[in-house]
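J.: Spelled out, the chains give:
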Amino acid sequence: MSLLSDVLVILLNGLQQGAIYVLLAVGLSIILGTLKFVNFAHGALYLIGTYAGLFVALNVPLSNGKLAEWGFSSFGLDIGFFAALIFVPIFVFGVGLLMERYLARAFYDRPDTDQILVTFGLAIVVQELFRVLFGSNSLPFEQPERILSFGSFAGLPVSGPIALPIVGNFPQWRLWVIGITAVLVALVYLLVEYTDFGLVVRAGTRDAEMVRLLGIKITRPYIVVFGIGAALAGVAGVVGGPLNVVNPTIGTNILVPAFLTVVIGGVGSIAGAVLGGIVFGLTTAALVSFAPAWSQVGLYAIAAIVLLTRPQGLLGDEEVSP
Amino acid sequence: MAGLAGCTGGGDDSGGGGGGGGDDEYPALGNFPIEGDTATFGFNVPQSGPYASEGEDELRAYELAVKHLNEGGGWVDSQFDDLSGDGVLDYTIDHVDGDTATDADQARQSASGMIQRDDAIMISGGSSSAVAIAVQGLCQNEKVMFMCCLTHSNDTTGKDCVRYSFREMFNAYMTGQALAPVVRDAYGEDLQFYQLYADYSWGQTQQASMEQFMTDVAGWEQIESVATPLGTSDYSTYLSEAQSSGADVLILNHYGLDGANSMQQAIDAGIDEDMEIIVPLYNRPMAEAAGGAIEGIYGTVAWDSQIDNTPSQEFTQAFRDEYDRTPSGPAQLAYAQTLQYAAAVERAGTFYPPEVIRQLEDYEYDNIGMGAETMRGCDHQAQRDVPVVQGLPASEQSEGTYFNIVNITSRDDLGYACDAGPAAECELGSYE
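Residue numbers (the numbering used here), protein chains in the order written: chain A, 237 to 558; chain B, 1339 to 1770.
Derived from the structure by calculation, the hints contain no laboratory data. Honestly, I wouldn't trust all of these hints.
As the list claims (entries may be wrong) - Here are the simulated SDA-like cross-link-like pairs (lysine to any residue), alpha carbons at most 25 Å apart as the crow flies: (1) Lys272/A to Asp345/A; (2) Lys272/A to Phe526/A; (3) Lys272/A to Phe433/A; (4) Lys302/A to Arg1663/B; (5) Lys302/A to Gly1738/B; (6) Lys302/A to Asp1659/B.
Stated by the list, open to error - Computed footprint of chain B on chain A; a stretch qualifies when at least three of its residues, placed anywhere within it, have a C-beta under 8 Å from a C-beta of chain B: (7) 318-331; (8) 495-507; (9) 526-532.
All C-beta atoms, glycine included, are put in the ideal place defined by N, C-alpha and C.
Start from the sequences and build out the full structure, keeping to the hints where you can.
T.: What follows is the structure, encoded as structure tokens:
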């Protein structure tokens, strides 16, 4: 195998592993940058997104948990993965709105530690609720065979290996994960950078008090920002679900890498979240290839180096003093 | 408390003594003598972490065992003549459970609490050899018996063995012995293999045993062997490396959730089109999570409900009656180990640990669904048959049926002498 193919494989694996973290980090980052709210329940939103994705897309047999005991031998609508990609973000957006209105808003002016405690507590409650309902057993989230099939159009095949030039066989779904992430992040970027809504949000990030003095009700954009962040976590759950088996701990496990991505990229910066995710994914993939024993340590080392040299992250803005 | 019990001696006659054994005959040791008329067992299983699915099924089986010990039913009625179904030695059995979180430190703390706070007379549990080894070491120090449940590392009854621990489960060495001839016949000789292994006690000895037997028995050559951290969720880069190595066979020494993930991701990447895949140690929750990805993949299992003999059928039925689900291999281990301990207490006529240990050492039995077995005295490792299985395609899977049993490898074709293999490094330690 040539060096070129090695590099390409690392690049693709790195981009794919980073993609899920990018989706999570963009949501985390805009909530943290705009609302100054540390949302440790972001992983729980990913968890909700994954199970909601299972529910919409597939019909999964259940052999465990209260649902099974109550006589639900299976779980799901089995109406396809594309439907899940539409409905789940809308649903998790709604969850995000409720969370902002009834939980986060009360904690905006309180210390970070309070925010961390309440959201981490919420995350544990959600995780245990799913454990009670579905049991600890893992559920298979099978990759979609095809998406966009309607009428006589069979749709696009998205699962199984695809033979790429130079690289060889590569799991096709992982390429789709990269593509879907790129499209969604671009949409959020356009929304924040090129719309009036985005202007208010960005202004609020710099100086919320001044925005209020200009007569803008900033609570409305805030709740929408929270909803968008939640929806991105939901999408991450849907597209990331088929990459692993699914169980109630996936939300907690993904939280630390997502925060590291934000730290590396810079709080509040969408481009930073993307860069952080790419650095994260490529570092992990390269270390696994060349020094597997260091694959987990290396990431923390990079985060530490970034924090020491650029405390605001690679693309984060320096804090504006009041 | 263990410490206090050790200081106070067995002088009083407040119901202690452990039934049958006189206090003068058996001095206080660990949590012996038992105070009151209830004996407490501690079940220390992973209720979170990568092996949580296995832990959940183990706990069901432990609770069923306690129920049968107190009320009769299952093997207590049919397979264990030593047990009455009216408690053990006139003591009612109670239990406490803990969460190891698939982590050795947390498991040790949890077990310590059961010994110190709950006065557990016996601890059982496992799912992760690192956990089992940590807890059995603690139990040896505290002089409380540990009945291993799911632990497959060679070290458990090899270099880390202890007098106070017994293992029904076979080990990685025996898995290698059982699998090598089967995969050699299936895939041929002169192949090259690549290994990924979980980077802790079990994975390391599993990797070494597969290297030994695939090389010596199957005549294969190892190209490379790569450690992966326990709890890895994305194996894609590891798998890409394996795929590009040019090897003919990929051996995935992963278990539980990790095994389900690595198997599924290997199939998604199309590795099965280029290489044969082997997963040396399987179980039912893992197969259930991996779905159709297990199709055609060889491995070994602790036990399977399809094994056709009377004890297996009876256990499956009793478990189904209680939980309306088919038991997994780890569940059978949990149930069997609890009853084995209780029966040894009855034979000893006391809960005094050294006497119970002597009842288990070199004990021969044929009542837990795996044929004739011996719990060997020299290393406390059960000498028993090993089931070799092959995963079924998704279309042929149903609840409780995920494998085709290819071979029940006889214990006569497995194992090693007391001065050879993993046993050569075992020093059991003291009885008292």
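J.: Are there hints from earlier that the structure breaks, and if so, what are their numbers?
T.: Per hint list: 2, 7, 8 violated.
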